[in-house]
Amino acid sequence: MSQKHLDTVSHAAETPDAEQPWAELGLKQDEYQRIRDILGRRPTGAELAMYSVMWSEHCSYKSSKVHLKQFGEKAPASDAMLVGIGENAGVVDVGQGYAVTFKVESHNHPSYIEPYQGAATGIGGIVRDILAMGARPVAVMDPLRFGAADHPDTKRVLPGVVAGIGGYGNCLGLPNIGGEIVFDPCYQGNPLVNALCVGVMKHEDIHLAKASGAGNQVILYGARTGGDGIGGVSVLASETFSDSGPAKRPAVQVGDPFQEKLLIECTLEVFAEKLVVGIQDLGGAGLSCATSELASAGSGGMRVELDRVPLRDATLSPEEILMSESQERMCAIVEPGKVARFLEICEKWDVIATVIGEVTDGERLEIFWHGEQVVDVPPRTVAHEGPTYQRPYARPDWQDELQADAPTAERLKRPVSGDELKAALLTLAAHPNQADKSWVTSQYDRYVLGNTVLAQPEDSGMIRIDEETNLGVAIATDGNGRYAKLDPYTGAQLALAEAYRNVAATGAKPLAVTDCLNFGSPEDPAVMWQFAEACRGLADACQVLGTPVTGGNVSLYNQTGETAIHPTPVVGVLGVIDDVNRRTPMAFAEEGQLIYLLGDTEDELGGSAWAQVAHDHLGGLPPKVDLERERLLGEILIAASRDGMIDAAHDLSDGGLAQALVESCLKGGRGARIVVPQGTDPFVLLFSESAGRAIVAVPRSEELRFTDMCGARGLPAARIGVVDGDSIEIQGHFSVALDELRTAHLETFPALLG
Amino acid sequence: MTVRVGVVTFPGSLDDRDAQRAVRLAGAEPVALWHRDKDIHQVDAVVLPGGFSYGDYLRCGAISRFSPVMDTVIAQARDGMPVLGICNGFQVLCESHLLPGALTRNDSLHFVCRDQKLRIENAGTAWTSDYAQDQEITVPLKNGEGRFVADEHTLDALEAEGRVVARYLDVNPNGSYRDIAGISNAAGNVVGLMPHPEHAVEPLTGPGTEGLGFFTSILRKLVNA
Amino acid sequence: MARVVVDVMLKPEILDPQGQAVQRALPRLGFAGISDVRQGKRFELELDGPADEATLARIREAAETFLANTVIEDFTVRVEEEAK
Amino acid sequence: MARVVVDVMLKPEILDPQGQAVQRALPRLGFAGISDVRQGKRFELELDGPADEATLARIREAAETFLANTVIEDFTVRVEEEAK
Ligand SMILES: Nc1ncnc2c1ncn2[C@@H]1O[C@H](COP(=O)(O)OP(=O)(O)O)[C@@H](O)[C@H]1O
Ligand SMILES: [Mg+2]
Chain B
112 MSQKHLDTVS
122 HAAETPDAEQ
132 PWAELGLKQD
142 EYQRIRDILG
152 RRPTGAELAM
162 YSVMWSEHCS
172 YKSSKVHLKQ
182 FGEKAPASDA
192 MLVGIGENAG
202 VVDVGQGYAV
212 TFKVESHNHP
222 SYIEPYQGAA
232 TGIGGIVRDI
242 LAMGARPVAV
252 MDPLRFGAAD
262 HPDTKRVLPG
272 VVAGIGGYGN
282 CLGLPNIGGE
292 IVFDPCYQGN
302 PLVNALCVGV
312 MKHEDIHLAK
322 ASGAGNQVIL
332 YGARTGGDGI
342 GGVSVLASET
352 FSDSGPAKRP
362 AVQVGDPFQE
372 KLLIECTLEV
382 FAEKLVVGIQ
392 DLGGAGLSCA
402 TSELASAGSG
412 GMRVELDRVP
422 LRDATLSPEE
432 ILMSESQERM
442 CAIVEPGKVA
452 RFLEICEKWD
462 VIATVIGEVT
472 DGERLEIFWH
482 GEQVVDVPPR
492 TVAHEGPTYQ
502 RPYARPDWQD
512 ELQADAPTAE
522 RLKRPVSGDE
532 LKAALLTLAA
542 HPNQADKSWV
552 TSQYDRYVLG
562 NTVLAQPEDS
572 GMIRIDEETN
582 LGVAIATDGN
592 GRYAKLDPYT
602 GAQLALAEAY
612 RNVAATGAKP
622 LAVTDCLNFG
632 SPEDPAVMWQ
642 FAEACRGLAD
652 ACQVLGTPVT
662 GGNVSLYNQT
672 GETAIHPTPV
682 VGVLGVIDDV
692 NRRTPMAFAE
702 EGQLIYLLGD
712 TEDELGGSAW
722 AQVAHDHLGG
732 LPPKVDLERE
742 RLLGEILIAA
752 SRDGMIDAAH
762 DLSDGGLAQA
772 LVESCLKGGR
782 GARIVVPQGT
792 DPFVLLFSES
802 AGRAIVAVPR
812 SEELRFTDMC
822 GARGLPAARI
832 GVVDGDSIEI
842 QGHFSVALDE
852 LRTAHLETFP
862 ALLG
Chain R
743 MTVRVGVVTF
753 PGSLDDRDAQ
763 RAVRLAGAEP
773 VALWHRDKDI
783 HQVDAVVLPG
793 GFSYGDYLRC
803 GAISRFSPVM
813 DTVIAQARDG
823 MPVLGICNGF
833 QVLCESHLLP
843 GALTRNDSLH
853 FVCRDQKLRI
863 ENAGTAWTSD
873 YAQDQEITVP
883 LKNGEGRFVA
893 DEHTLDALEA
903 EGRVVARYLD
913 VNPNGSYRDI
923 AGISNAAGNV
933 VGLMPHPEHA
943 VEPLTGPGTE
953 GLGFFTSILR
963 KLVNA
Chain A
743 MARVVVDVML
753 KPEILDPQGQ
763 AVQRALPRLG
773 FAGISDVRQG
783 KRFELELDGP
793 ADEATLARIR
803 EAAETFLANT
813 VIEDFTVRVE
823 EEAK
Chain P
743 MARVVVDVML
753 KPEILDPQGQ
763 AVQRALPRLG
773 FAGISDVRQG
783 KRFELELDGP
793 ADEATLARIR
803 EAAETFLANT
813 VIEDFTVRVE
823 EEAK
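Protein chains in written order, with our numbering: chain B, 112 to 865; chain R, 743 to 967; chain A, 743 to 826; chain P, 743 to 826.
Mixed in with the good hints there might be a few duds.
In the BS3-like style, the derived pairs of lysine-lysine whose C-alpha atoms are separated by at most 30 Å in a straight line are [as the list claims (entries may be wrong)]: (1) B:Lys266 x A:Lys753; (2) B:Lys139 x B:Lys176; (3) P:Lys753 x A:Lys783; (4) A:Lys783 x B:Lys266.
Hints in this document: simulated from the structure, not taken from any laboratory.
Sequences and hints are given; from them, build the entire structure.
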C-alpha cells in the first residue's frame, strides 16, 4: 500500500473531488461533510482514518454522551475524588497519602469472535488505562455474561474467555479478586466480557494524558505496530451483528502479556524518576487516539514523524499505522533533557522506545510520512469535539405488559411443603447462575503480590495497600440484567445498591463508583430509553449514597438482529478499610454463633432467581430500592466489623436468604438452624429478593451490643437462627445435609464444562 | 550475623517481591538480584521466584536459564550454595540441569490455583530442616505447567535417594508423576518446588503460615554453618 | 495405518509473541543470522486406515473447524512419508 | 534467504495431555478412525543467508540446547522446499 500514491495534505487540497471510502469506515454522510467543513478541504486518507475511528461510537460516545453528562452534573460532593470523569480512569483519595484508581471496561464484541484473545486483550487494555494514571495495577476483576449454560456455543465462548482472562492476568502477576458469571439466553450472540482493574499510587504520582511544553518529545514505547486489529475495537464495537456474524471482520488482536508486564515495570520506573510530563495508553483507535487526545488535552500542538514508528510489517500504510490497534503500546511526553534517561530505562526492560515527534507551540496536530505532510488537523475536533447525537428514545410498548406480568402466587406455583421448599433450595443452589464458580476462578491466580485479603467467593475482593498500617481497599461489581429489563431506572440503582452493600458487608466504607453500561443498539428508541433510564437511575442513586461515578465505559450494539440483550449496567463500587485485619468474611465458621437477618423482607419475586429457575419467568417489577436503608445497613455493617461485633456477613441478593445461607454455610463448613419467624411465609423468607438486607453471624458475647446498635439506629434485625451442625435446617419445614448441598452446588460447572 | 538471601528478578518474574517478603519475615535480609548481572553480591543463598519469566514462551524457564545471573547461580550451586526454585524457579532449575526431569503442561490443560496439601518427605535439605519428617502442610499452588515428569529410572533414583522433598496429598493437581511436588539435588542444597510457600507466610493473605519453614530452615542452616 | 501431519501457524499479520521471544533469545545464545522466527503447532494423527482422499478431506475439515482457529491461524495437511 | 523448519515433539514415553484431549474430542465432533494424536511445536526459522551445512549444524545445535528440551522432547531439522 505504501507504494500507492501518497495522499498528502497538498494533494487533498488539489483533488477536492476524489472518491473517499467514508461509508466503509463507518462515517455518515453528514459526518463526512462536517470533516470537510472543519478542514476547509477534503480530508487526506490518513485524516479520514483518524476521524473515522475517533468518531466511532466506541471512541466518541456520540450516542451516550448526553446521558452520561448527569454523572458529572449530579455528582455528590466528595472529598475523596481527586480526578473525575474524562481521564483514563478516576482517582480516589483513600487516606494516608494514598490514591486509588479503578475502572471497568468492556471487550464484548472481540470476545465473541475470538474468546481467548478478545478477553485477554480486554484485561491488557484496562490495565494500561490504570497504569497511564500513574498507578501500579494491583488487582483485576471480571464481570462476565454468557448465553444459556448448556448451549453449545457457550462451551466455545466461556472456556476461551476464562482462559484468556487467566492467561493474561496471571502472566501479568495481577491477582483476580472477583467478578461475576451470569448465564441468560439473551447473551447468546452477545456475551459480555467486562474487565476491571484497580491501581494504587501516592497522591503526588498522579499522571494525566496531556501534551504540553513546546519542544517536549513524544515517545512511543512498547510493542511494534502491526496490521492487527485495524479499526478493530472501535469499528467492531460500533455496529450490530447480523445473524450471520459481524459484517466487517477486522483482524483480531493477539495479546502479549509478557510485553505488558515489561511495560508496567518500565513505566513505573519512569514515573518514579519523574521523567514524564504526560502519558497515554494506546487502546482502541491506537495512535490516532493517543496523539489526538494528548494534543487536544495539552496546551500546544504536536508534530509526529509517522515513518519512525517501529513496525512489525514494513508494508503498512500511514492510514493503517494510525488505525492499528496493536496491543501493549504507550505514548509519553518527555522533556528533551530527560529523553536519554527515559530510553535507558526502556532498554533495561527490553522495551523498544522511539521518539516519534514533539510538542509544538502551534495549535495543529501535524503528521508526516517520509517528510510529506499527511495530517493537519485541530486535535480537539478529532478527540473531544466529535459529533454528539440526541438519539430518539421511547418507552417500549411492551414495558407495561411485562411489568403487569407479576410472579404472584396465583400466576406461578410456589413451593409449600417442606419437601417442595427443600427441592427449590437445591435446584437454585445447583443452577449455573448460583452454583459454585471455582471451575472458573481456580484458573485465576489470586495470591500473587501477596496482598489479597479477600477474593472470590466473597462479597467483595479486598487488597491490602500498605503493609505497615494495613490500609486496604475493597471492590465489588454487580449488575442484574433481569431487573434492568423490568425497570431500567430501578435496575441500575439495584446494581449500585448491591455492589455498595457487598463492599460494606466486608467492612469497607464505599467511596466511589465505576460502571460499564452494556446495551443494545442506540438506533433502537426502546434501547435508547433503557439506556437513558439506567443513566438517570444510577446518577440519582449515586447522589443519595454519596458515591460519585469516577469513570466507566459504554458498550452499545450488543444485539443480534432485532434482539437486544437485557440492558445490563454493571456497577463497581470501591471502598476503603483502615485495617484489613478487621475485614468480615462471609463464612459461618464458629459453631453456636447467632444468625441475624438485617433489613425487611417483602414478597418481592419479580425478576428473581427463583422465578427464572423454577418457571423460566421474567415479569413484574424488580425489588424496591430504598437507598437510605442501604446506607444505614452499610453503616451498621462497617461499625460492627470495626468494633468486632460480627464474625461473618453476607449480603442477600439473587436467590435471597436461601442462597446466602447455602454460601455462608458451605464456605465455613458449618450448618445452620433457622426458625421462621411467626407469621412469615417460609417461601417468601427464603426466596424473596428484597434489597437492603444481609445476614450476619454474631458471637453470643456481642449480641446485646449488636442488637442495641441496630435498635438505636432503627435497622430491623431479626434473630433467625444459629450456626450449628452439618445441615441447613429450616425448623418445622425441612433439613438438607451440607454434603448433599455441596454436591449440588459444586458439580454443576464440572458437569457442564468438563 | 545477618543472612543474606538473593531473590532473582527475571523479566516476567511475578512472585519476586513476595519471596523477598517471606525472606524478611523469616528474619533474613532479602537482596534483589537482576538477571543481567553476573554478580550475585555475595549472598548466602538464592531464591528463584515464581512467575512467567520471558512469558513462559518456548518452554517455562528455557530462556531464563541462559541469563548471565544463572551462570553464577549454576556454578555456585554446584559448589554447595543453597538454591530454592519455586514454580517458575523450579522450571529454571530443571532447564539448567541442576535438577533432573522437566515440568510440563498440567494434565487438566488448565492453569490451577488452589490451597494444596503437601507432605514434606525429606526434612534434611537446606530448605526443609525446620519441618518434621513427613509433616503435612498447606500452601498455595498456582501453575499451568507443573506436571513433573522424568523417566522411570530417574524417578526410582529420586525416591531411593530420598530426593523427593514434597509430595501432593489428597489431590494431584497437575498430573505430576508419582505425586511429586518438589525434589532436591543429591547434595540437598538445591531444591525445586512447584507450590508456593512464600504465599503462606502471613495468616491474612494466605491459607496459613506453614510455608514459612522453607525460609527459616535456610536461616538456621546458614547461621549454624 | 498412515500418519497425517497438520501444521498450524499464526497468520502472518498476527502477532506471534512466542516466536518473537525465541528470535530475540537466539543471538544472545550465539546463534546469529536468523531474521525471523514463527512458532506454531504440529499435530501428528495416526490413522486406523489409509490416508485416502476421503479421509484427508475429513481431516482438512477437522483442521478447519477444530485443530486450527482460522480467525487467527492457517493450517496445512499432509501425509507423512512412511520412509521417514 | 532459506527457511528451516524445526519440529519438536514430546518423546513417545512422555504423556501428551494436549494430544490426548484432541484425540478424545475428535470422535465427539464426528471424526472417527484416528487412533492416536500427538501435539508438538513447529518453528519456522527464516535465515539471512543460505541453508548450507554449516548453518544447519548450528541450527541443530540451537535445537538441541534450546528449542527442544531433550529430557522430554525429540526434534527434527529440515530445510523447507522453496516451491511450497
Ligand atoms: N458509563 C460511563 N460512566 C462514567 N464515565 C464513563 C462512562 N463511559 C465512559 N466514561 C468516561 O469517558 C471517558 C472516555 O472513555 P474512554 O474513551 O473509554 O476512555 P479510554 O479511551 O481511556 O478507555 C473516560 O473518562 C471514561 O471513564
Ligand atoms: Mg485510556
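Evaluated hints:
1. B:Lys266 x A:Lys753: Cα-Cα ~25 Å, so holds.
2. B:Lys139 x B:Lys176: Distance ~18 Å between B:Lys139 and B:Lys176 Cα, so the pair holds.
3. P:Lys753 x A:Lys783: Roughly 16 Å separates the two Cα atoms, so the pair holds.
4. A:Lys783 x B:Lys266: holds (23 Å)
Every hint, counting from the list given before, is met by this structure.
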